[in-house]
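Here the structure of chain F is known, so what remains is to put chain W in place on it, guided by the hints.
First to last, the protein sequences are chains F and W.
First residue of the first sequence: 1, per this note's numbering; consecutive thereafter.
First residue of the second sequence: 1001, per this note's numbering; consecutive thereafter.
Any given hint could be a false lead.
Here are the simulated lysine-lysine pairs, DSS-like style, with alpha carbons at most 30 Å apart [unchecked claim]:
#1 F/Lys133 <-> W/Lys1040
#2 F/Lys125 <-> W/Lys1124
#3 W/Lys1105 <-> F/Lys152
#4 F/Lys45 <-> F/Lys150
#5 F/Lys152 <-> W/Lys1040
#6 W/Lys1160 <-> F/Lys138
#7 W/Lys1149 <-> W/Lys1055
#8 W/Lys1160 <-> W/Lys1105
#9 W/Lys1111 <-> F/Lys133
#10 F/Lys60 <-> W/Lys1169
#11 W/Lys1055 <-> F/Lys43
#12 W/Lys1149 <-> F/Lys133
Footprint (simulated), chain F over chain W, 3 or more residues, beta carbon under 8 Å [said to hold, decoys possible]:
#13 1125-1135
#14 1159-1173
Source of the hints: derived by calculation from the structure; they are not laboratory data.
All residues carry an ideal CB built from backbone N, CA and C; glycine is no exception.
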Amino acid sequence: MSKFKTKQGKGSPAINTSSLPDIIFMLLFFFMVTTVMREVTLKVKTKLPQATEVQKLEKKSLVSYIYIGPPTKSALYGTNSRIQLNDTFATVDDIQEFVAKEREDRDEADRKFITTSLKVDGLTKMGIVTDVKQELRKAGALKINYSTRKGKSNQK
Amino acid sequence: MARKAAPEINAGSMADIAFLLLIFFLVTTTMDVDTGITRKLPPPVENNEEDIDVKDRNVLKILVNSQDRLLIDGKPGDISQLRYKVIDFITPHPENPEYPEVTSKYIEQLKTEIVVSKGIISLKNSRGTSYDMYIAVQNELAAAFNELKDRFSMDQYGMKYSVLIDKDKIDAVNDAVPVAISEAEPDDIGGN
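With the rest of the complex left out, here is chain F (with noise of 0.2 Å):
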């Protein structure tokens, strides 16, 4: 009887709590893996125009991007579209070149999978996508994406 008695007065224990370090260091390693930080600082605002037949692009490790759109800093190189590879600002004729390197930059038995994507800004105008395109078929680089959000169509 008295067994019982004496560890009433105790209350509960404190919960060991030894093992927390190692479920939050669990769960930093599952972030720090899953993280993908932006390789490249935006020199144009790309405000994406929205779509209803979306699909998603998959294997983002194929995937090489042009941004097209009007300058963030516009006093400083105007307000006309721009277009920007890597982190720099380019013209159409970098374009094959670019081309070529990013697939330099890939397994030989990956390349004929990569996806361009065009990051194109909503308020541009053809004439320049066109460019691009162009160029982009010249260089081989056939399999293209126009990036856009997912909604309600601008224009209706």
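The following block gives chain W in isolation, referenced to the frame of chain F:
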């Protein structure tokens, strides 16, 4: 003299440090998925290659000018009509000379021949067209072809194209409903 054993390090704050890092990565993680309309560009044409003649009745011409106005098959149109016009155009009408010619195509997965339209959508835009409008048109075209795929898929398999899982079935639908969009080289219709 025996050295005193190093005192045990207090690991109580380890969790706090890990939490701090965890929160940093939680905040910086972007889990956004890239979405968009996927298209395949035609391979570059050689100069000496001849233009392939396509009969007029087989082509639905869509023009977008620099004022973002639409011309569908010679008539001014609205973007809301585009989807249904395209669906109507591509749906096979074997007896009607107003619609594109039809041909029968052997679908390997189904082991039957089905009737497909020879219709092609020809999209032409001006250099001054806004990208918003271009995407809106592309979106409507994609919607039209998705609708056609859905219809075919419903007929054959009793479910929509988007919920098909079997690779064979998906291929069969894609074979039966080819996305026939041709983009002309742009010119300066309607000025810049």
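Hint-by-hint comparison with the structure:
A hinted pair counts as satisfied when its Cα atoms are at most 30 Å apart, and lysine 133 of chain F with lysine 1040 of chain W qualifies at roughly 11 Å. Among the hinted pairs, lysine 125 of chain F with lysine 1124 of chain W is consistent with the structure: their alpha-carbon atoms are about 14 Å apart, no more than 30 Å. Our distance criterion of 30 Å between C-alpha atoms is broken by lysine 1105 of chain W and lysine 152 of chain F, whose separation comes to about 36 Å. In summary, the hint linking lysine 45 of chain F to lysine 150 of chain F is supported, as the alpha carbons are separated by about 18 Å, within the 30 Å threshold.
This hinted pair checks out: lysine 152 of chain F and lysine 1040 of chain W have alpha carbons roughly 24 Å apart, not beyond 30 Å. For the given pair, lysine 1160 of chain W sits about 37 Å from lysine 138 of chain F by alpha-carbon distance, which is inconsistent with the 30 Å threshold. Using a Cα cut-off of 30 Å, the hinted pair lysine 1149 of chain W and lysine 1055 of chain W holds, with the two alpha carbons roughly 25 Å apart. For the given pair, lysine 1160 of chain W sits about 22 Å from lysine 1105 of chain W by alpha-carbon distance, which is consistent with the 30 Å threshold.
Between lysine 1111 of chain W and lysine 133 of chain F the CA atoms are separated by roughly 38 Å; this puts the pair beyond 30 Å, and the hint is violated. Annotation: proposed proximity of lysine 60 of chain F to lysine 1169 of chain W holds, straight-line Cα distance about 26 Å (limit 30 Å). With a C-alpha separation of about 47 Å, the suggested pairing of lysine 1055 of chain W with lysine 43 of chain F is violated against the 30 Å cut-off. At most 30 Å may separate the alpha-carbon atoms for a hinted pair to count; lysine 1149 of chain W and lysine 133 of chain F meet this at roughly 27 Å.
Counting residues of the segment 1125-1135 of chain W whose beta-carbon sits less than 8 Å from any beta-carbon of chain F gives 11, enough to reach three: the coverage restraint holds. Only when three residues or more bring their CB closer than 8 Å to a CB of chain F does the claim for the segment 1159-1173 of chain W stand; here the count is 0, and the claim is violated.
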